[in-house]
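*Asks:* Here is how the chains run, residue by residue.
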Amino acid sequence: MEKKLPIFIFLSFSYLTLFFYYPIGTILYDAFFTPDGQFTLKYILEIISGTLEQRVITFTVYQAFLSTLLTLALGLPGAYIFSVYDFKGKELLRALVTVPFVLPSIVVALGFLLVFGPYGYINQFLMWLLGFDKPVLILDGLILILLAHAFYNIPVVIQMVSASWERIDPAIEEAAEILGGTGFYKFRKVILPQIINAILSSALLTYIFTFLSFTIVITLGGVKYRTIEVHIYSLYKVFLSPHLASALAVLQLLISLTLAYFYTKSIDLVVKQEKLGRIERYLTRKVFSSYRELLSKKGLGILSYSVVLFILFVGPLSSVFVTSLWDIGSKQFTLTGYQTVLEPRLSEYLGTSPFRTIVNSLFFATLTVIFSLVLGSITAYLIVRYKWPGKSFYSALILLPLGVSSITLALGIIRAFKSLSFFYYNEWLFILIAHVMIGYPFAMRAIANSLQKVDPDLLDASQSLGASKFITFFYVELPLIIPGVIVGGIFAFAMSIGEMAATLFLAPPEFSTMTVSIYKYISVRKYTVASAMGSILIIISMTAFILLRYIGKKGIAEGF
Amino acid sequence: MVSVTLDGVTKRFGDVVALNKVSFTAEHGNLVVLLGPSGCGKTTTLRIIAGFINPDSGDVLFDGVSVLDKPPKDRNIGFVFQTIALFPHMTAFENIAFGLETRNWEKQRIKTRVLELAKLFHIDTLLDRYPRELSVGQQQRVAIARALAPNPNVLLLDEPLSALDVNLRDELKLEIKKVQEKLKTTMIYVTHDLTEAFSIGNKIVILKDGEVQQIGSPLEIYYSPKNRFVVDFLQVTNMFTGEIKEFSDKYAVIDVNGSTFRILLRKPMQIGKKITFIVRPEDLILNPSHANQLFDNIFEMVVENVDFKGPFMEVLGRFEDMRIRILTTSKNYLPKLKSGMKINVGFSSSTVSILQNS
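As they're listed, the protein sequences go chains Z and S. Following my numbering, the numbering of the first sequence begins with 1 at its first residue and continues without gaps. Following my numbering, the numbering of the second sequence begins with 1 at its first residue and continues without gaps.
Heads up, a few of these hints could be off.
Here are the simulated distance ranges between beta carbons [claimed, not checked]:
hint, chain 1, residue 1, chain 2, residue 2, range
1, S, Ser-199, Z, Ser-395, 51 to 61 Å
2, Z, Ile-471, S, Ser-199, 31 to 41 Å
3, S, Asp-128, Z, Lys-298, 37 to 47 Å
4, Z, Gly-183, S, Asn-305, 36 to 46 Å
5, Z, Phe-262, S, Asp-128, 45 to 55 Å
6, S, Ser-339, Z, Pro-193, 31 to 41 Å
Once the Cα atoms are required to be at most 30 Å apart in a straight line, the calculated DSS-like pairs of lysine-lysine come out as [stated by the list, open to error]:
hint, chain 1, residue 1, chain 2, residue 2
7, Z, Lys-297, S, Lys-250
8, Z, Lys-297, S, Lys-70
9, S, Lys-267, S, Lys-250
Bear in mind the hints are in silico, worked out from the structure with no lab data behind them. Every residue, glycine too, gets a C-beta built ideally from N, C-alpha and C.
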């Protein structure tokens, strides 16, 4: 489709340049230039040679590696089960597994703390059982971090690997069996080569996510463990050294973009491979219909895996709900959590009222949806519907924000704009800018997906029947892409309302959000209040999630 | 190779009876076609022989020995899939060699065997290509070679030509037939295509709703179809039901809704009995001259549609409330025939077939 390029491409370009490339440029400048404008490598060298920094970098690499291993170990059986078997409750399990896509990470961190932490429910139970008055099971922060990371990324592995696996024609497996290749031999020779790229991509994606992890680590890692992302934050906020923070951010950016490059390469391979396979499975999968089959070795395997998954996914969430009404210290039912949260009274921990943070969250989320949809639709149209020189370069440019961490983005924004008096008096705009930059790629993806699905013949048909471009857009195209727009909007909403890292970095107290206040309540161990706030946030996110499932029936995988 | 016998095989999926007491035998070196519309149970039958599914009752015997307790890999069968199902990550060579590797053949022996089959199917220059680099026809050749490589007891083919273009179908069909005649492998071949079945099969098993309708050679089936379903499936169309009025000297006079027809009866039948007979479309003659004694039956048909098909012409029409279908190579009438016009149609009393279960 050759069309004249519309004027709004400049809107898209200028937004990206002003609010993404300029901030990133500022970080680069800060990393290599002294305050008086002299080029220097001393910040970079300081970062590379610092003992603390070396420890941080090593830990980041190491924990991401372990997280990826644990995620694969827990996720691959799920991918296998989802691809090969049909059983009662499968849909429920599938829905359950998609929950983390929209769950704010701070709530997940809180949940894991409440279950596995020193005063968490497991310890409460063990203390009661053994009659101890001190925590019995002290789990290292690293274990908590790994579990929470697995929780987040198991869905990624299951979704990506089973998507590839399900595309394998069952006749291919039967062909292998009939030729004598059964069991593990069949898996190794016939199945694995066809899903290995999907496994590698999901592992890479998990590695990138956990490499850039902030909220989980800062909440569960205590003082002992910090990732690069957390350290950038403290270099700026605690050590007040923007140049060192920038140098570390540059180093992190280098690694994450390299990983992201390999990820896109591996995704290309997956797409290529999936095109080879057949898309429809013409045979039904093995069904567990009778109790006897359920009690077979396979049945019990699936059952126990489902139970583990259920505990891992439902345990932390439900303990947030329980704790919002239950005082861990006095072991009593309480409503003070919700009372505190809903009272418009200044909190000494937040610097504002907790209720205000709820209003702020909704305010930012609403604005993020609007701006993300505008920016997302423009970008999606430019990519899907227009051909122009430099398009592939542009496509790469707009994808870059996905490979940049929230803290890096926040650091760039604050360094780029803080000195301007307009922004100095309107600091809340920083948060909006960051949220839109984080939310809009998802909106764009959803809209671009639905645009691509519109059969171009339909548009030609409409115009051949005498409809103008305008009529065609409103009566033919828009109704077809509206689900994509809604899904994109919900994604942007979920991203904004769950965002913590950038907000914590950027927000003055009166503009802090729910996620930030949950974090602050956790820091002072006000678990009941944190849980009350967390429960409200879960309910908001789950509503968004249910809407997503309802509208984008085909699953959320299209989002990433 | 073995003979394959199904003995009263029944299979239910939930409430649906997929197969009901299906019995037939594919003898040594025979090519048996399972023919029927989709959903008739032919694929299920094949999958039961392969061992992918087990019957609820009945038995599957290879050379008289039940194989029901054996998994697919121990039945030593070849299977050619409708979806072709080549391993996409292996070359043509690796695909054909797969079943030999699982049997731990030596490398050199595998190579010889693969080449032998590749030559047979004219794909010996394509062996280092991946499936995606082959045409669909070449892919299916590789798939058949793969299935034949380990010298299976029986080769099962599930609509092997359905993924192919029409032109390629005839070519590969002939090739399968030639290979079968050369190797003398017992084959069971599933299709819904009548002409395919007729041209390839020594023996045809017609299935409908999981029940065997008729078993026989193509000629037997075409010239003595057993019931209405087979008649419809053969697209004979011209079916007359009436009462026997007279019977003498092998000939009977039948009253069909007031019109009388004279037909040849090989067996004497009772007067007054209801009878259904068919006339094949190519045996109906348009506008026969009355002098011609051959066409001792003449009726008047209303033309509904005339379809010129190149080598022949198809005329559809109605006689009373019966549908009439005529195939003729005579093109003299083409310009004159119009729908709605009336025309005489004749047939000889000796071309008639009586439905056995009428």
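*Asks:* In this structure, is the beta-carbon distance linking S/Ser-199 and Z/Ser-395 contained in 51 to 61 Å?
*Replies:* holds, 54 Å
*Asks:* Taking 37 to 47 Å as the stated bounds, is the beta-carbon spacing between S/Asp-128 and Z/Lys-298 within them?
*Replies:* Because 39 Å falls inside the window, the suggested range holds.
*Asks:* Take the C-beta atom of Z/Gly-183 and the C-beta atom of S/Asn-305, compute their distance, and say whether it sits inside 36 to 46 Å.
*Replies:* About 58 Å separates the Cβ atoms of Z/Gly-183 and S/Asn-305, which means 36 to 46 Å is violated.
*Asks:* Tell me if the beta carbons of S/Ser-339 and Z/Pro-193 are separated by a distance inside 31 to 41 Å.
*Replies:* violated, 60 Å
*Asks:* Is it true that Z/Ile-471 and S/Ser-199 lie within 31 to 41 Å of each other by Cβ?
*Replies:* violated, 55 Å
*Asks:* With the threshold set at 30 Å, check whether the alpha-carbon distance from Z/Lys-297 to S/Lys-250 stays at or below it.
*Replies:* violated, 70 Å
*Asks:* Mind checking the hinted window 45 to 55 Å against the Cβ distance between Z/Phe-262 and S/Asp-128?
*Replies:* With a Cβ separation near 29 Å, Z/Phe-262 and S/Asp-128 fall outside 45 to 55 Å, so the hint is violated.
*Asks:* Hint check: Z/Lys-297 vs S/Lys-70, CA-CA at most 30 Å. Holds or violated?
*Replies:* Holds. Z/Lys-297 to S/Lys-70 sits at ~20 Å (cutoff 30 Å).
*Asks:* Is the hinted pair S/Lys-267 and S/Lys-250 satisfied, with a Cα-Cα distance of at most 30 Å?
*Replies:* Holds: S/Lys-267 and S/Lys-250 sit about 7 Å apart, inside 30 Å.
The structure shown violates the earlier hints numbered 2, 4, 5, 6, 7.
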